[in-house]
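Position 99 (the sequence shown) corresponds to 99 in full-length UniProt numbering; numbering is contiguous.
By construction, these hints were calculated from the structure, which means they are not laboratory data. Because the structure is a prediction, the values reported are computed rather than measured. Even glycine gets a Cβ: it sits at the ideal position worked out from N, Cα and C. Some hints could be false.
Calculated lysine-lysine pairs in the DSBU-like style (CA-CA distance at most 30 Å, straight line) [to be verified]: (1) Lys98 <-> Lys85; (2) Lys13 <-> Lys40; (3) Lys13 <-> Lys102; (4) Lys85 <-> Lys49; (5) Lys86 <-> Lys40; (6) Lys98 <-> Lys14; (7) Lys49 <-> Lys20; (8) Lys102 <-> Lys86; (9) Lys86 <-> Lys98; (10) Lys102 <-> Lys85; (11) Lys14 <-> Lys40.
For each label pair, taking beta carbons as the anchor points, the in silico distance ranges come out as [unchecked claim]: (12) Thr3 <-> Tyr97: 21 to 27 Å; (13) Met1 <-> Thr31: 39 to 45 Å; (14) Ser41 <-> Lys14: 17 to 23 Å; (15) His9 <-> Thr31: 28 to 34 Å; (16) Glu5 <-> Glu93: 26 to 32 Å.
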Amino acid sequence: MTTAERIIHLRKKKGYSTNKLSQLAEIGQATLREIEIGEKSPNIITLEKICNALQISLSDFFAEDDIVDTRQNDDEIDNLPDHVKKELDLAREFILYKYGIKKASADK
Numbered sequence: 001m002t003t004a005e006r007i008i009h010l011r012k013k014k015g016y017s018t019n020k021l022s023q024l025a026e027i028g029q030a031t032l033r034e035i036e037i038g039e040k041s042p043n044i045i046t047l048e049k050i051c052n053a054l055q056i057s058l059s060d061f062f063a064e065d066d067i068v069d070t071r072q073n074d075d076e077i078d079n080l081p082d083h084v085k086k087e088l089d090l091a092r093e094f095i096l097y098k099y100g101i102k103k104a105s106a107d108k
């Protein structure tokens, strides 16, 4: 998938129009349209603005797997895929261990 195709895919997935995405990314609508039709390639700063507006990281943008929005409210954690829940559990375990709040468990 090209950069332009990826932006279009992610924009549509969010339900954003080009106008809305350009406003959220704080770039010109004409610039976004030129990027989406392949007339222009975004520089890294513009691409980062687009990613921020789409609520994804640059690494997520280039990932082959589908994007998981990690900016979830606590009450939405139950709706995350199982592999993401496991990563959150491991991160929590690590932080608690790091600060001496909890001892490392032998079975993980």
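- Item | Supplied distance hint 21 to 27 Å, evaluated on CB atoms of Thr3 and Tyr97 | violated (40 Å)
- Message: Run the distance test for Lys98 versus Lys85: straight-line Cα separation, threshold 30 Å.
- Response: This hinted pair holds, its Cα atoms lying about 20 Å apart.
- Query: Are the Cα positions of Lys49 and Lys20 separated by 30 Å at most?
  - Reply: Holds. Lys49 to Lys20 sits at ~13 Å (cutoff 30 Å).
- Is the Cα-Cα distance between Lys102 and Lys86 30 Å or less? Measuring from Cα to Cα gives roughly 18 Å; hence the hint holds.
- Query: Holds or violated: are the alpha carbons of Lys98 and Lys14 at most 30 Å from each other?
  - Reply: Violated: Lys98 and Lys14 sit about 37 Å apart, past 30 Å.
- Item | Range agreement (Cβ of Lys14 with Cβ of Ser41, hint 17 to 23 Å) | holds (22 Å)
- Task: Take a quick look at whether Lys14 and Lys40 sit within 30 Å of each other, Cα to Cα.
- Result: Given pair Lys14, Lys40 holds - Cα atoms ~22 Å apart, limit 30 Å.
- Message: Run the distance test for Lys13 versus Lys40: straight-line Cα separation, threshold 30 Å.
- Response: holds (22 Å)
- Message: Please check whether Glu5 and Glu93 have a Cβ separation lying inside 26 to 32 Å.
- Response: Distance hint for Glu5, Glu93 is violated at roughly 38 Å.
- Item | Met1 versus Thr31 beta-carbon gap, inside 39 to 45 Å or not | Because 20 Å falls outside the window, the suggested range is violated.
- Message: Next pair to validate is Lys85 with Lys49; report whether the Cα-Cα distance is within 30 Å.
- Response: holds (27 Å)
- Within a Cα-Cα threshold of 30 Å, do Lys102 and Lys85 meet the stated pairing? holds (19 Å)
When the structure is compared with the earlier hints, violations turn up for hints 3, 5, 6, 12, 13, 15 and 16 and for no others.
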